[in-house]
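From first to last, the protein sequence lines are chains X and Y. Take the first sequence: its position 333, counted from the start at 1, is 333 in this note's numbering, and no numbers get skipped. Take the second sequence: its position 74, counted from the start at 1, is 74 in this note's numbering, and no numbers get skipped.
Simulated from the structure, these hints should not be mistaken for lab results. Since the structure is predicted, the reported quantities are computational estimates derived from the model, not experimental observations. From the three backbone atoms N, C-alpha and C, an ideal C-beta is built for every residue, glycine too. A few of these clues could be false.
[Claimed, not checked] Here's a subset of chain X near chain Y, in silico, CB distances under 10 Å, partners left out:
1) 210
2) 216
3) 249
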Amino acid sequence: MSADFLYTIEVIINGLMAGVLYSLVALGFVLIFKASGIFNYAQGVMALFAALTLVGLQEGRVPFAHLINAMFGTKIHHFDWSLPALLAIILTVLIMILFAILVEKLILKHLVNQEPIILFMATIGLAYFMEGFGDLMWGSDVKTLNVGIPQGGSFWFEDFTIGWAAEGEKFYGMYVDLLDVWAAIIAISLVLVLTIFSQYTKSGRALRAVADDHQAALSVGISLRVIWVLVWSISGFVALVAGMMWGAKSGVQFSLSLIALKALPVLMLGGFTSIPGAIVGGLIIGAGEKLFEFFMGPLIGGATENWFAYVLALLFLVFRPQGLFGEKIIERV
Amino acid sequence: MNKENIKMMDIKNIVLRFGGVVAIQNISFDIFKGEIRAIIGPNGAGKSSMLNVINGFYHPQEGEVWFRGKKRGSMKPYQIAHQGIARTFQNIALFKGMTALDNIMTGRFTHMKKGIFSQMIWEGGASREEYENREVVEKVIDFLEIQHIRKTPVGALPYGLQKRVELGRALAAEPELLLLDEPMAGMNVEEKEDMSRYILDVNSEFETTVALIEHDMGVVMDISDRVVVMDYGKKIGDGTPDEVRNNQAVIDAYLGVSEH
Chain X
1 MSADFLYTIE
11 VIINGLMAGV
21 LYSLVALGFV
31 LIFKASGIFN
41 YAQGVMALFA
51 ALTLVGLQEG
61 RVPFAHLINA
71 MFGTKIHHFD
81 WSLPALLAII
91 LTVLIMILFA
101 ILVEKLILKH
111 LVNQEPIILF
121 MATIGLAYFM
131 EGFGDLMWGS
141 DVKTLNVGIP
151 QGGSFWFEDF
161 TIGWAAEGEK
171 FYGMYVDLLD
181 VWAAIIAISL
191 VLVLTIFSQY
201 TKSGRALRAV
211 ADDHQAALSV
221 GISLRVIWVL
231 VWSISGFVAL
241 VAGMMWGAKS
251 GVQFSLSLIA
261 LKALPVLMLG
271 GFTSIPGAIV
281 GGLIIGAGEK
291 LFEFFMGPLI
301 GGATENWFAY
311 VLALLFLVFR
321 PQGLFGEKII
331 ERV
Chain Y
1 MNKENIKMMD
11 IKNIVLRFGG
21 VVAIQNISFD
31 IFKGEIRAII
41 GPNGAGKSSM
51 LNVINGFYHP
61 QEGEVWFRGK
71 KRGSMKPYQI
81 AHQGIARTFQ
91 NIALFKGMTA
101 LDNIMTGRFT
111 HMKKGIFSQM
121 IWEGGASREE
131 YENREVVEKV
141 IDFLEIQHIR
151 KTPVGALPYG
161 LQKRVELGRA
171 LAAEPELLLL
181 DEPMAGMNVE
191 EKEDMSRYIL
201 DVNSEFETTV
211 ALIEHDMGVV
221 MDISDRVVVM
231 DYGKKIGDGT
241 PDEVRNNQAV
251 IDAYLGVSEH
């Protein structure tokens, strides 16, 4: 095989791996949108908040340290302990569940039967509140997150692929980041577990039922409020996983909340209502933008990754507005 | 049929308004345990509103609903479902993306008590509960003769079968009181006969009390024990099919003779 061909494959593999992370964020959007028709603008901030909380707990940081120091003139920053990664993750999950309960109690409960646009506005407010709250609670410095996921290039994969090139070609094996591989494995298991849960359990069926028809769901005894808490908890958990992966990759910082924007083109490709759509959409965007940069980037000055996804989404909006997997939009006139 | 005349539900002086529009004006009637009770009346008479009051979608401004000898406080529809009241809808309200089997399984919701954690790890009785309830659902499917469409997404089914799946979902709850909102609307004669037979069988075999709204007079008169007649939100007749048939006010309402 020629080196160029192998490089292309390498680009595709790395693109797919990056796409997995887009998919993870998009997945959180789809879960909430399906169950309650709310486009949750705060999904990206939820990922940031979850990652901040995880780091804070793990390193034993004092929450609201700046505020406390400013008010009482103290100089506290850290407790004397640090938690094992697993314990910190479990505590963060509990906090995200608490967050879901609060969202239902303080926001959703009061906005039942409102227009989707009003709920959307509420989630924008929620996003900015959480960003500020996260800042106040844990500070705005860039934090390194290490939950024990291996990082760096895989030597095994390099050695494995180095022999693929034809004799005499300059090729040193393919580079794959271990973190990306783990992210992919975790994302796939997450989707499998979610699918099984929604297919074969009472609550899973109730979740799908609420997504389909609120009145009918009520008539068989399903409480919408319980389901909403459940859905927000699950998407809080998905946000934690996404935040953990992004945080481990590039540090926990406030630009993390902007990755939510990359999930938008993913959703337009995959459709807002389809879990497989979120996955495939993320993979297409991930691989697509890397390939485009690789082939077209040098010709038009590079940095195409910033806009490629949005242009692709625009094309989809024109020719297939419901996305690849979304329900066909039929309107009776 | 059970004719002990025990009141399962007693509806007293219900008034329901939407802004200035009065949908139900001071209506009272009762439903005996084990009977088939029909509510009839011209379009816009307030029949569906009445059913929505019974199942908790609407909260009347005045009046009381007594169920099993107790006055019912303000309850959410899902709480009322847990009390043993199941219903179908006028414009089929199925979970379109789910299979017929899954739709009917949701009807078992009130009978499944295992917690979310147990469900997640599929242990601690959650799997056994799932199998036990699945058996009940299979019985319902046999009863309604819809074995062949178990795995079909209901959105793809013809209208008559969707109506039957919806009845199945309500039956799966093993309700004490079954509310049917126009179970035969839009059906052909053969489908209507099938549906009538299912309703009669449910009533006699499981002693389920049925309250139904229906437009087809022939069917209503054939299967009901007692009939309430509504017109413009008021009750204009109440009694056995024979009594109602000979009631002058009812005849006028249906022939459009009376002044309104």
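Status of the hints after comparison with the structure:
no.: 1; hint: 210; in the structure: holds (9 Å)
no.: 2; hint: 216; in the structure: holds (4 Å)
no.: 3; hint: 249; in the structure: violated (28 Å)
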